[in-house]
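Q: Sequence:
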Amino acid sequence: MFLLVIFILHYVLAFLGIVFNTILIFLTLFRSPKSIGTFSILLTVRGGSDALACFFDIFSQSRLIPSGTTLGIASTGLCKYLSEWSCFLGFSLQLHFHSYSFHLLILCFIFRCYVLLERYPKAKQLIILICIIYFPSYLQAIFVFIDNNKPEDVRQLIQIHHSQYKLQDFVINGHADLREFPCLFSYLLMLIPIIPGYLIMYGLRRKIHFKLRNAILRPEIREKHRQLTWALTVQTIVPIAFIFSSICFLLGQLRIVESPVLESFTLLFAVLVPVINPLITVTFIKPYRESVMRAVGIDPKILIFMSRECSVAPGDTNSSMFGSFDNSSVASVTSKFTITLEKGTFD
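Heads up: the sequence shown begins at 56 in our numbering, then just goes up one per residue.
Please keep in mind that the hints were generated in silico from the structure rather than gathered at the bench. Heads up, some of the hints might be wrong.
[As the list claims (entries may be wrong)] Subject to a maximum C-alpha distance of 27 Å in a straight line, what follows is the list of computed DSS-like cross-link-like pairs (lysine-lysine):
1. Lys205 x Lys135
2. Lys205 x Lys89
3. Lys356 x Lys221
4. Lys266 x Lys177
5. Lys89 x Lys221
6. Lys135 x Lys266
7. Lys135 x Lys221
[Claimed, not checked] Here are the computed distance ranges between Cβ atoms for each label pair:
8. Leu137 x Ile63: 15 to 23 Å
9. Gly123 x Val67: 32 to 40 Å
10. Ser314 x Phe190: 30 to 38 Å
What you are looking at is a predicted structure, and each value in this text was computed from that prediction instead of being measured. Beta carbons are placed, not taken as given, at the ideal position from N, Cα and C, and that holds for glycine.
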């Protein structure tokens, strides 16, 4: 019964993730003011990656079954009506887009820190950086995909370790031996960066908070920066879901805990991230938030959700908590921790 609840929850969360990220992509393409600038490119790519991760989650509906040195992948999604190969392809692409989205999240933090403390990057530079960050995720997907073993062999190995499992209704794929280089390399490439990446995001948040705390600010500007720090804090909490996902996988792989429920939680935790991320983005970027409110018939003026201007740049009514990315009037933090409105490094 509990597995059925998790199965339904998987579908609901993944469907919501597709809807939320599709809305975010629409907003970034057609409702991005000039003040957001190049940052909308990063938001669009990340929204697309999250939407595809949710789509392939529905398509494959996979559950990881650690079995000694064997890793079974039991799928019950739409792919089972096509072929065994399509289920494994869907699973591989799901992991691929989860991994890429996590790397893009780190880039979002680097971007915000760079804009606030240094200078504004050009669109071409950001696109090149996005392509470079894609390369590790691309390698991970290729190595996972080429190491697929025969489904019947993997099913037999799973039954040896989990004879009590009833897997007749599942499409089985997987890796007969995780110690083989392509498989081991691909999963390590996905697991190892999670904790260091989270620490990088946390460190960048602290750095921004330190700069703002020591800056000489007027009270109203300090409040805007406090809201920026709050937004960054929320963004650092979300990747914890990836850490929980990794813990569930390792507990099963090391045979510390063996349970179908734990196996189901591995990818359930992962799908939470692409569901929550677009909600946070729309909530904290004022133009997007107001566009959504108008679309559902709510006047933004009557909802006191945040300060009227949630900007690093005072006087910019189109900017957001994520900072004003206007090239003409931007608040930058100088080496003496003071705020200036002079044209300079962003021009």
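Q: Each hint needs a verdict: does it hold in this structure or not?
A: Verification of the supplied hints:
{"no.": "1", "hint": "Lys205 x Lys135", "result": "16 Å, holds"}
{"no.": "2", "hint": "Lys205 x Lys89", "result": "53 Å, violated"}
{"no.": "3", "hint": "Lys356 x Lys221", "result": "56 Å, violated"}
{"no.": "4", "hint": "Lys266 x Lys177", "result": "24 Å, holds"}
{"no.": "5", "hint": "Lys89 x Lys221", "result": "56 Å, violated"}
{"no.": "6", "hint": "Lys135 x Lys266", "result": "53 Å, violated"}
{"no.": "7", "hint": "Lys135 x Lys221", "result": "16 Å, holds"}
{"no.": "8", "hint": "Leu137 x Ile63: 15 to 23 Å", "result": "22 Å, holds"}
{"no.": "9", "hint": "Gly123 x Val67: 32 to 40 Å", "result": "33 Å, holds"}
{"no.": "10", "hint": "Ser314 x Phe190: 30 to 38 Å", "result": "36 Å, holds"}
The structure is inconsistent with the numbered hints 2, 3, 5 and 6, although it conforms to all the rest.
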